[in-house]
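Student: Below are the chains, spelled out letter by letter.
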Amino acid sequence: FLVLQHHVESHPELAQAIQTVFQFKVTGPDASWVIDLKQGKVYEGVDPKADVTLELSDADYQAMASGQANPQKMYFAGQLKIGGNLMASQKLSFMQKMDREAALKAAIAAGRVQAPGPAAPKTAAAPAVAPKAAAPAAPAAPREARAPAVLRALGERLAQSPGRGAELGAVVQLRLRNPDASWVIDGPANAVREGTVEGATTTVTIDDGDVEALISGASSAQDLYQRGKLRVDGDIAPAQRLGIFKG
Amino acid sequence: MRRVNVIGVGMTKFAKPGASDDYHVMASGAARAALADAGVAYETIEQAYAGYVYGDSTCGQRAIYEVGLTGIPVFNVNNNCSTGSTALMLGRQAVAGGIAECVLVVGFEKMEKGALGNKFDDRANPLELHAGVMGRVQGFNSSPPAAQMFGGAGREYRWRHGTKRETFGKISEKARQHASKNPYAVFKEVLSLDEIMASPEVFDPLTRYQCCPPTCGAAAAVLCSDEFARRHGIARPVYIAGQAMRTDYGSSFGDSMIKMVGYDMAVAAARAAYEEASIGPEDVQVVELHDCFTANELLTYEALGLCQEGEAEKFIWEGQNTYGGRYVTNPSGGLLSKGHPLGATGLAQCTELVWQLRGQAADRQVDGARVALQHNLGLGGAAVVTVYRRD
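Chains as they are written, first to last, in my numbering: chain A, 1078 to 1324; chain B, 110 to 500.
Quick caveat, the hints were computed from the structure, so don't treat them as lab data.
Ideal Cβ positions, reconstructed from N, Cα and C, are used throughout, including at glycine.
Just to be clear, a hint being listed does not mean it is correct.
As the list claims (entries may be wrong) - Computed footprint of chain B on chain A, listed as stretches where at least three residues anywhere in the stretch have a Cβ under 8 angstroms from a Cβ of chain B:
id : stretch
1  : 1116-1122
2  : 1295-1303
3  : 1310-1318
Claimed, not checked - Just a sample of chain A residues kept apart from chain B, beta carbon distances all over 10 angstroms, derived:
id : residue
4  : D1107
5  : I1185
6  : D1263
7  : F1322
As the list claims (entries may be wrong) - Below 27 angstroms or equal to it, Euclidean Cα-Cα: the simulated BS3-like pairs (lysine-lysine) are:
id : chain 1 : residue 1 : chain 2 : residue 2
8  : B       : K423      : B       : K273
9  : A       : K1118     : B       : K228
10 : A       : K1102     : B       : K228
11 : A       : K1126     : A       : K1306
12 : A       : K1158     : B       : K228
13 : B       : K228      : A       : K1115
14 : A       : K1306     : B       : K273
15 : A       : K1115     : A       : K1174
16 : B       : K125      : B       : K273
17 : A       : K1118     : A       : K1174
18 : B       : K222      : A       : K1158
19 : A       : K1158     : A       : K1174
20 : A       : K1126     : B       : K228
21 : B       : K222      : A       : K1102
22 : A       : K1126     : B       : K222
Using the sequences plus the hints, can you model the full thing?
Tutor: Structure below.
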């Protein structure tokens, strides 16, 4: 979806031509995305005024988006459910017409998605730095963890700035999800380590994929928290101070 | 403006969706109860205001025709969850403005199971401006939209003030305690804080027991002038000392979830109502406020000036919001435990507060209740704050 988002945003003539809002409800993993081709926006969420709603599995969405599968065929095969204005769903043909390779390259260049590794699937709807919407096209394979590298790098930076960690004011337990892992940012010890700590006064639960944005400062802790991507249990103040590690 | 007295109140026992009488039966039942309480025959009523949200046009007449057919003006009113007190305000204005001596106000709702949603998807959603704030600041997921909005406001408050999740849960604990003494409430079973926190999460920080249920019910009030009360030998009636409605300001549509769910409307309406009544929050003993979700009750303590901004957590854990504390908030059990039939709620709040001021609240009686405060909020939106007194 992120490739599509970049494509739609860089091609305003698409919205002008198509004038339709598509609501996608994808399952496995579940997500709802709006392709708003009236305003030229693609975003995760629900638009109660969408012209047409499409429900299909994530794998089928990938196939449709990559041009490998035809929406009409999928509909008649029962793989794609359409609600609302059926006629409007025909306008999805723009996706078939899109040059996938070019769109993917453009999205990577714009920093919207990570370049897929050699083993990554052919289809581009597998962003690595993204909400959990589009998983890799091999659903059985666990997601590769990105946070450990980020956290180890943070540990190294802290080692070079004595006292930096003290500003955090606490030992923060990180519970990573997807894949699951536990890390500790120990403010007073100015260190980062894998594992759990007994009696943590602050526990932050966050997706592995969001850790980089949090630590780099690309996303503020408050923004991630308000969007439900970061959960805090216990004392909130240290979580508010996680931004001190950016840079 | 003339003084307006509330001389009769009545309500039905609230019920779960699918377990109630039809709307016109509930509403006429509540109306008759209020008329009986006032000792006034329906023929004396000069105007009727009927509040409901879900239903075709003229449901008010269908309900009121069950009580009588006298040809009087009937006004059908809606303002989302603040429908009941909106109807009340219109009735008050009619009497205060000298247009009528005695009016009937009734609010009712027959609800479906499940979360609130829109009926008409072929036209602008009235909450689209509010939803836009949420889309920008928080995003959308598949939880019930109202829970996302008020839960999101709770999130914003929690981030700002470091509030514990249990603080929100404690509000439900109190609601259940109060409702256990209210024969009109839907959920009277007392729950522990642990049970409330352990219930499934609906939208962080709200768990299931922290969200009000869809409910069916009706409530009604009879309002009259001083002259009318005198002529009918009604001494020491409860009266409306102050009342104000405020709708959204520009601040509702910025980047704050707290403001989007009506914080500034509530502050402004409260200020105006206090001013009209020549009182401050310190003069109030008993409050019925809009606890559609625990987060909103917490925010409303501050909006109404019951405690300072940022002090709500302390206020709650010290028990200042219940018997033995500075105020008793939602002695009826509130929307959370008594239930929330959209059209009826504002009038059910009125009914409880009138009973409290008359000393008729049985096990829920707040000692020394002399000044009562009501806060009723509807997204879309409107906030109505009313001050009642009894001399």
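Student: Each hint should be assessed against the structure and marked as holding or not.
Tutor: Against the structure, the hints come out as follows:
no., hint, in the structure
1, 1116-1122, "holds (count 3)"
2, 1295-1303, "holds (count 3)"
3, 1310-1318, "holds (count 5)"
4, D1107, "violated, 8 angstroms"
5, I1185, "holds, 24 angstroms"
6, D1263, "holds, 21 angstroms"
7, F1322, "holds, 18 angstroms"
8, B/K423 <-> B/K273, "holds, 11 angstroms"
9, A/K1118 <-> B/K228, "holds, 26 angstroms"
10, A/K1102 <-> B/K228, "holds, 21 angstroms"
11, A/K1126 <-> A/K1306, "holds, 26 angstroms"
12, A/K1158 <-> B/K228, "holds, 22 angstroms"
13, B/K228 <-> A/K1115, "holds, 23 angstroms"
14, A/K1306 <-> B/K273, "holds, 18 angstroms"
15, A/K1115 <-> A/K1174, "holds, 18 angstroms"
16, B/K125 <-> B/K273, "violated, 31 angstroms"
17, A/K1118 <-> A/K1174, "holds, 18 angstroms"
18, B/K222 <-> A/K1158, "holds, 25 angstroms"
19, A/K1158 <-> A/K1174, "holds, 22 angstroms"
20, A/K1126 <-> B/K228, "holds, 12 angstroms"
21, B/K222 <-> A/K1102, "holds, 23 angstroms"
22, A/K1126 <-> B/K222, "holds, 22 angstroms"
The structure fails hints 4 and 16 (numbered hints given earlier, in ascending order).
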